[in-house]
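S.K.: Taking the hints into account, I'd like the entire structure generated from these sequences.
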Amino acid sequence: MDVLKASCHCGAVRLEIPYKPKSLTSCNCSICRRYQALWGYYSQSEVKVIARPDDLTAYVWGDRQLEFFHCKVCGCCTHYEAVEKGPEARLAVNAQMMDPEDRKDIPVRRFDGAVSWTYLDE
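In my numbering, the protein residues as written are 1 to 122.
Lysine-lysine pairs mimicking BS3-like chemistry, simulated, CA-CA at most 27 Å apart:
| # | residue 1 | residue 2 |
| --- | --- | --- |
| 1 | K22 | K48 |
| 2 | K20 | K104 |
| 3 | K5 | K85 |
| 4 | K72 | K85 |
| 5 | K85 | K22 |
| 6 | K48 | K5 |
| 7 | K20 | K5 |
| 8 | K5 | K22 |
| 9 | K5 | K72 |
Since the hints were derived computationally from the structure, they do not count as laboratory data.
Computed from a prediction, not measured in an experiment: that's the story for all the values here.
M.R.: Here's what the structure looks like:
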């Protein structure tokens, strides 16, 4: 497979990803359960985010470690990044923004971000 692609509903925010993640994470913390996101993890240097600055906004809360990015046009949560930037800093792509066919074979792991901070499928 060439570059894996993801985008918000309207296409104003697009992501180019070099490979499929080994797994996706479904988290039940207070924000992820509301987003219903499936997170695929990469480093910031691996993912290309294509968007005009005016089409992207970030939400930071709690311990202020993560920025959740949303399309200003259609509202989709496309990814999150570590607040502290760097090529090896984490970036999580919301795989719900990928074509379902591209992610159908990626296993989904359940993470308890609400209570135990552990994977529930171990």
